[in-house]
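K.L.:
From first to last, the protein sequence lines stand for chains Z and C.
Counting along the first sequence from 1, when you hit position 114 you're at 117 in the numbering used here, and nothing is skipped either side.
Counting along the second sequence from 1, when you hit position 33 you're at 38 in the numbering used here, and nothing is skipped either side.
Honestly, the hints are just simulated from the structure, not real lab data.
You may find that some hints are simply not true.
Some chain Z residues near chain C, calculated using beta-carbon distances under 8 Å [claimed, not checked]:
#, residue
1, Val13
2, Gly19
3, Val24
4, Met27
5, Leu37
6, Gly67
7, Arg75
8, Gly103
9, Ser112
10, Ser126
11, Met134
Everything numeric in this text was worked out from a predicted model, so none of it was measured.
For every residue, glycine included, the Cβ atom is placed at its ideal position computed from N, Cα and C.
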Amino acid sequence: MNARHLVGLVSGALFGLGLMVSGMTDPAKVLGWLDVFGAWDPTLGFVLGGAVLPMAAAWRLSAGRRPLLAPRFPAPPPQVIDRPLIAGSVLFGTGWGMAGLCPGPALASIGYADPRLWLFTGSMIAAMALMPRLRRRLDAGPATG
Amino acid sequence: MMQAEWAAGLAGGLMIGAAAVLLLWGNGRIMGASGILGGAVDGSGRADLGERAAFLAGLVGAPLIVVLIRGGAPQITPVDSPVLLILAGLLVGFGTRLANGCTSGHGVCGISRLSRRGIAATVAYLAAGGISLLAVRHLLGLS
């Protein structure tokens with residue numbers, strides 16, 4: 004275990020505890036946020052706001068510096084909004100609205116030992132593991148559009 | 006009661022933000038759950054598998070330790086339908102990898118640096134999530 008592993012471990016732990024404290028490991032609270040026509044629950048907005056604030060400051064303070072354990076910060080993101088970005092996000096959102104779980108909370112709640120959560124998280128990991136194979140097949144298949 | 010939940014949300018959110026700052030300033034990495042997990046399970050992240058594994062160990066392990074100390078998991082209300090859970094899991098897995106990010110990478114890390122891609126992705130998954138919930142919960146009556 005080196006210093007970068009330690010940073011990863013502590014960051015992951017803080018992320019998991021933050022998800023737990025914020026209530027975001029409860030799918031009902033996430034679905035409550037998405038349920039604008041029902042009993043709307045604004046909690047997720049506070050979570051996102053609370054998480055964005057320190058990061059916005061961190062990005063600003065990063066200019067002209069370098070990370071502690073890496074040669075440089077991630078390059079500025081590409082500006083192009085392409086079809087995989089939007090199609091993928093729509094697929095993700097559709098699943099998110101069905102079960103109220105996204106990848107972070109799905110992992111943070113593994114220790115809750117709830118078989119319903121495991122069913123979701125297992126399916127999610129299986130899809131991620133199969134993704135390169137699916138992508139190759141899509142790329143190799145006949146053009147339909 | 007409601008205000009207490011919002012305060013807990015804000016406190017937890019600040020912890021999530023601090024976790025993202027730590028990974029950025031320490032390792033120069035974007036804290037994206039789907040990217041870190043996806044790269045670990047599909048073989049594309051073999052070069053830095055140790056770091057990915059360490060992050061995932063913390064993410065899964067810290068809440069598990071809390072559950073063990075408290076002697077139980079927090080009260081949660083997941084969806085019951087196995088079909089819905091499996092379908093949702095597959096959609097979230099494929100979708101986040103296709104879009105190259107989820108709520109943490111595109112949402113927290115993207116929005117905070119005013120990334121056009123992060124903001125566009127967040128608008129798309131929020132809208133899709135709202136419509137999906139509307140269809141599943143209010144039109145089909147499933148849960």
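K.L.:
For each hint, tell me whether it holds in the structure or not.
P.N.:
Hints, one by one, checked against the model:
1. Val13: holds, 6 Å
2. Gly19: holds, 4 Å
3. Val24: holds, 4 Å
4. Met27: holds, 7 Å
5. Leu37: Given a least distance of 4 Å, the restraint on Leu37 of chain Z holds.
6. Gly67: violated, 14 Å
7. Arg75: Hint holds; Arg75 of chain Z Cβ to chain C Cβ min 6 Å, cut 8 Å.
8. Gly103: holds, 7 Å
9. Ser112: holds, 7 Å
10. Ser126: holds, 3 Å
11. Met134: holds, 5 Å
Hint compliance for this structure: hint 6 alone is broken.
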